[in-house]
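A.B. asks: Chains as they are written, first to last, in this note's numbering: chain A, 1 to 162; chain B, 1 to 162; chain C, 1 to 162; chain D, 1 to 162; chain E, 1 to 162; chain F, 1 to 162.
Mixed in with the good hints, there may be bad ones.
Since the list gives no way to pick one copy over another, a pair counts as held whenever it fits inside one copy or between any two copies.
Stated by the list, open to error - Derived DSS-like pairs: lysine-lysine, alpha-carbon spacing no greater than 30 Å straight-line:
hint	residue 1	residue 2
1	K9	K21
2	K68	K159
3	K151	K68
Hints are computed from structural coordinates only; laboratory data are not their basis.
Protein chains: 6
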Amino acid sequence: MAEFTHFKKDGSAVMVDVHEKPDTYRAASATGTIQVSPEVFAAVRDHTAKKGDVLGVARLAGIMGAKKNAELIPLCHIVPLTNCEVTFTTDENTNSITAVCTTSCVGKTGVEMEALTGVSTALLTIYDMCKAMDRGMVIRDIHILEKDGGKSGHYIYQKEEK
Amino acid sequence: MAEFTHFKKDGSAVMVDVHEKPDTYRAASATGTIQVSPEVFAAVRDHTAKKGDVLGVARLAGIMGAKKNAELIPLCHIVPLTNCEVTFTTDENTNSITAVCTTSCVGKTGVEMEALTGVSTALLTIYDMCKAMDRGMVIRDIHILEKDGGKSGHYIYQKEEK
Amino acid sequence: MAEFTHFKKDGSAVMVDVHEKPDTYRAASATGTIQVSPEVFAAVRDHTAKKGDVLGVARLAGIMGAKKNAELIPLCHIVPLTNCEVTFTTDENTNSITAVCTTSCVGKTGVEMEALTGVSTALLTIYDMCKAMDRGMVIRDIHILEKDGGKSGHYIYQKEEK
Amino acid sequence: MAEFTHFKKDGSAVMVDVHEKPDTYRAASATGTIQVSPEVFAAVRDHTAKKGDVLGVARLAGIMGAKKNAELIPLCHIVPLTNCEVTFTTDENTNSITAVCTTSCVGKTGVEMEALTGVSTALLTIYDMCKAMDRGMVIRDIHILEKDGGKSGHYIYQKEEK
Amino acid sequence: MAEFTHFKKDGSAVMVDVHEKPDTYRAASATGTIQVSPEVFAAVRDHTAKKGDVLGVARLAGIMGAKKNAELIPLCHIVPLTNCEVTFTTDENTNSITAVCTTSCVGKTGVEMEALTGVSTALLTIYDMCKAMDRGMVIRDIHILEKDGGKSGHYIYQKEEK
Amino acid sequence: MAEFTHFKKDGSAVMVDVHEKPDTYRAASATGTIQVSPEVFAAVRDHTAKKGDVLGVARLAGIMGAKKNAELIPLCHIVPLTNCEVTFTTDENTNSITAVCTTSCVGKTGVEMEALTGVSTALLTIYDMCKAMDRGMVIRDIHILEKDGGKSGHYIYQKEEK
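Could you put together the complete structure from these sequences and hints?
C.D. replies: Structure below.
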């Protein structure tokens, strides 16, 4: 039966011991979406093209957030990422902006949390920059898209699994 | 027409100048939900009661994350919070856990972002602690519940507004 | 009966809400001692006078550590200190070095933890700089010396109280 | 004769150059004790069992503090820990709580300081959470228990060595 | 005679005690220039207009760096800035880019160091982003432009004063 | 033609992917100078010899700043440095103080930025500690002196190259 890896038998929280694992290539990508008002959507799209670059700021924040993952998530290991990238796609039918954060390392533990923290920070930054226009924005559907490497191998998110 | 407050006319990003605003009481609360598998839901619920305390760890991470908000969100001001609290409710019908983060300060700018960052960090921590059991968890519906204080006054989230 | 201030009735941890407290002057001092070998004691004393300044490095580390207090202690508030000072006295009879850290702020909450974190960081830094000579050093007797301000008023440590 | 490793001949502080050392497994454990009043001792023991979990919060703080070691101790290297664990034992005869922090890495330098910083942060957190009940608590006997790996090999603390 | 404010009579470093100072408005601006090759200059100018936004990234880094000032400069106070702005001007005759960082607070101590740290971080970020093209870039002429508020009053940099 | 490595074809900023690079020894040194008034110069020189150690504080700040490089420069990788050293030379003819920061790692990416950030932080710290005497100090000539290792090999700064 599946068990927590972050707790010992007596229930106390631990950082998982990974010292016996080999240094191997690991990669992950995570996604998430922010639902905005039509007004905000137009402002992000048009200012990005012309002047104020909401997505440029959010991209940087996402990359810097991914680097801070081990400071934020209590039991995560410090992982020197070998790569971090944040991309956005905008959907004008739904007035939503979707972020994807891709991370990699050569190490003893995976980088899913770095990708998830990168996505979350990027979306929160969009919220911050647009909240003077609309406080009703909603961040949704943050999850892993895919991860590779490590003992648990390749994983691809299946939308239907829930 | 509504405009970005984080950009100057030429499109360059700025931290909004708040030095002329009075120090007043401001409060905010934000929420978000993580959708987990039945197995994870049972493990969180039962280990919390008995041994491993996933929500206790996530609560701490949320509070500490809220304090780190100005390091994560590029254009946020440093705000010495006067209060930060994270609570959870669990719904066994949907196998979901909902976090609420409440923040306050006496200052020149609001604390919505602190509340949102607190909620996000708490939910990401739940993800981290349970991901060995299930990588298909999804974080959803992160938004402001309510905020008060400041020039824009009282705001309550209206679900139907989108 | 005395009660925890960092827990709610249901046992969940919170940052204490201080928003209704006035901004008043608060000060604290804390102390602690590191017991070293005669060899380390002589090296610290002589290098400080002549060349390598162990206590100068430890003093800086203590001041910077006090500023980081709210990042380290989960439920502490962010407090912009108005003062931080670390002093050392050396006792050659016992080969021990005693640090005192003094802190102050004008705010809604006290600065005892900042003083204690400052002392601890200073003593740990002495340990780090001397550990190649002796790993058997012991840090002892870290406690508040005195604090003032706030609802609980003036407190002076009484050695006999335990 | 033993010498400082953190100073050059002219007395200026340096981070020790470790680039020629191989990456090897290194482990350390450190301990420390907080002496509390009978009232605090009972509250920690009973609230832990029932509601407020002082030691659970302190454990997390200790693990996160160990990860922050290189930010706190000026001349320490950044070490990606492969493991970090904090445990507590309580002694009702002396009303004291003893923490042990165990750390490991595969790297070029040891992890004693990480273990010591983890212990110190855990004990300071207990102080913070209980200080509304009693300000006279004393932290004592922080030292290395054991370390292994690296050029200096295996070390076990000998109580009588001072 | 002028004296250090960051040292006590015995030479030990302290954070200056400011608790008796009133909270007043203080502002500062600092500048600095990076000298680049013609190739880098063209790339920054053209990519900024079209695609890669070196100055947009550097602006964000400067603002975030200013917020981190008290973590970097050992004896600086934590200052919640009320404003931070970074602007750039480019000079194609000299292939140089000049940054100006403007900061303000309502507090007990000035914000010159925040402005200087903001400028330095912005210029270092330009260096980082362009160093694959040219490692010979030089950062020069970092100084305060102007500061206001506090006991020392208004100061304007005079180029001839050296 | 030379190109930015920190931007993708569409202009979005990325952390460069280094996961395929081998772990090799890399070293760098950077320099910079602060021009001060005769009064400040004398105070730094004499207090250093006798009492207040401006350069000792600046050296520590430089080393700790170099360790924080990846938090400050948005697209830099986290690099566990194997060495960091800051030295100063003073020139009484010109009333200037020159800092050199030397860094190394065994990794997949270079440490030039760490050396530059170390130098900048050290010089800013001198500014901070002396600014009560003279606000007209100027930091100048920050650049790489030399770097080695990695695909781009050995580089030595040539003063005439601009």
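A.B. asks: All the hints need checking, so say for each whether the structure fits it.
C.D. replies: Hints and how they fare:
1. K9 x K21: within (22 Å within a copy, 36 Å between copies)
2. K68 x K159: Answer is within: at 28 Å inside a copy they meet the 30 Å cutoff, but 32 Å across does not.
3. K151 x K68: both (24 Å within a copy, 28 Å between copies)
Violated hints are absent here; each numbered hint is respected by the structure.
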